[in-house]
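Trainee: Residue numbers (this note's numbering), protein chains in the order written: chain A, 2 to 316; chain B, 6 to 387.
Hints listed in this document are in silico derivations from the structure and should not be mistaken for laboratory results. Do not rely on the hints blindly, as some may be mistaken.
[Claimed, not checked] Looking from chain A toward chain B, a few residues come up when the C-beta cut is under 8 Å (computed): (1) R184; (2) Q204; (3) R293.
The beta-carbon is built from N, C-alpha and C at its ideal position, and this holds for glycine as well.
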Amino acid sequence: MNIDLTDEAQEYGRTAERAIEAAGGDALVQRAEADPARRGDAAAVLGELGAWDLDPLGSDDELEAAAALCRAAGRWAVPYPVAERLSRPGDLHVDGLVVVAGPAPEAPLAGLDLRWATIDLDGRCGMATPRPLSVPARKAAFVTGLDLEPLDEGGSPAAVALGLVLGCWTLLGMLDRAMELTRAYVVERHQFGQPLSRFQGVQFQLTDAEVERAGVEELAGYALWSIEGQRPDAVEDALALRLAAVEAAEVVFRTCHQLHGAIGFCDETALSWLSRYSQPLRRLPLGAAATRDELSRRLGRRPLAGLFDGTGAGW
Amino acid sequence: MEHDLGDDVAQLRTELRRLVADHVPPDFLGAFTDDPADLEVAQRFCRVLAEQGLLCAAWPEEFGGRGASPWAQTAVREEMWAFHEPRGAQYMGVNWVGPTIMRHGTPDQQRRHLPPIARGEVIWCQGFSEPDAGSDLASLQTSARRDGDEWRISGQKIWTSYATMAQWCFLLARTSKAERKQHGLTIFLLPMDTPGIEVRPIACMMGPHHLNEVFFDDVRATDADVLGEVGDGWRVVQEVLSFERVGIARYARVDRLLQWAPIALGEQWDALPEELRGRWARMLTHCRRARLLAYRVVALQSTGQVRPTDAAAYRIAVTRLDQESAEVLMDIVGAAALSSDDGRRFRRAVEDHHRYAVAATVSSGSIEMQRILMARSLLAAS
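Isolated chain A (complex conformation) (with noise of 0.2 Å):
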């Protein structure tokens, strides 16, 4: 039992922490809004930490490097389709796959000259062109719609399985950065003479959310697991991943925002700029709804494997 990503991945994603916060951590996202074409300023710096270079089905350690990389990029709300690239397949000459639902698939990749490859939950695949963005980078947080022209050949379920899981990654990369940037506000900020921290209304808030953030985290992990294991489970276990994450993201974000006060709505705090990041990672391919709707659909009578699946459970 080893329920931590290996010592060498985790070392990674403080690398990667650290080189994005050297890159201007927090301003990258903002100098992106203002001129999209800086979009790609991160993706140099990730490149020179081998990024690019990373095969996550390759091998474990390459997988748990890149989900921690994703989560270093989700800290500082990264404008680049980090996850994206990542779960590039070997064997199409592209680069970056993206996995996409229902009739009118959109990704947030507008605006990056790169060859994308798509697959939808049931492994088509297709080549998809980004749309050029219709409305500001402010509103849209580069999500534009996207051509596809399907191909012949079939991806992986350990494709769908990876596309989804390393974008709860980036998801937890933010949910954790929100809290902290609460936790910090919520002892700092005074109201009444002390701090915010002290009243219980704040504190059960926080401890809730706390408990949302922790849980995906556990998940982010059995998830990852699934995908090493090559279980037949995977993409059912990603899609489990992924409802617990954007749950999670609606309770974190809106008791950041709550405890945050207005100041919370300002551009001047990262947690505004984390939460309308979050967007994309919460809405696509699947919202909350839909995501459960999927899952329910694919398990059928078959539930999640648990501790009673298969035979032994007394009944």
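Given the coordinates of chain A, work out where chain B should sit on it, guided by the hints.
Mentor: For chain B alone, coordinates are given in the frame of chain A:
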């Protein structure tokens, strides 16, 4: 990463399920029902477990255990809770009274108390809560005053599970007034047949034996009955509560019931509203989440670490899971005609789960207390 608990634990699980199948009737819903036969099932089953060294698997061999790993201990907790705790009230002695006596008891107390617990022969109750000291336990008023070489104990405890059947009480009483209410508390290990102890059952929705009042009227105790140092009871109780917080694998019963649902409903499963099947899938996710949060606590404890945040996060998640899953399962049961034997058993198990889940966020430290503990730890880390 590795989320498999390993072959040894899988083998242990198989062994436990075989014993349950052989010794526990399929419609068993716990030892404390209106049917006295259920209590006998539990008492017999404890002796069977004890003979196999499984009742106290995690205890050191010198005290009657197997020296099993924390993960094996986790599997025992999961299997027992999933099958409606066929150890009956014994889990209390096994999970925390015994381990606490190992850490703080004198050699005489260890010799006297540990072997009967390991053999499944004795039931303990916990004399903590009082009418005016629930979550604020340190405000308790039950007093133990010096009388020559002895102690005289007077006061009232409440919500005391299994007091009607217990042979021993793990009692917390005030032995001196101190500036801080946490000081001056002492633990006594008292036989329940000591003159002056009276137990009055409280009827409740969980069934008989779960809740009682216990009155102490000038009850005599000796220094040999004191566990640890006089006045040091609060520190010991904090340890006890930390054992108790991870002691019940509530998610295991939820897991079993959720997995059972499509089997019990058979063809009717597909006729359930899609929204309800979606809620079922969501509960499966929450169940896995609670299990993994429990494993985080076990992983930390197995390396000697205790992080209050993790234990409290698990408790908050698992108690909410208990209640939310109970609502979903009751809706599933309500939407189906369950006329087969298996269907009827499932319905009864769900109904039992729902009644029991009501108390999940109250017993063994309310969810509010967990939030307070967690907030203290979270904010200290800022």
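Trainee: Indicate, hint by hint, whether the structure satisfies it.
Mentor: Do the hints match the structure? See the list:
For A:R184, the suggested interface contact is upheld, since its CB lies about 4 Å from the closest CB of chain B, less than 8 Å. Annotation: A:Q204 was flagged as interfacial toward chain B, and the flag holds, the nearest CB pair being 4 Å apart, inside 8 Å. Given hint, A:R293 at the interface with chain B, holds; its Cβ is 5 Å from that chain's nearest Cβ, closer than 8 Å.
When each numbered hint is compared with the structure, no violation occurs for any of them.
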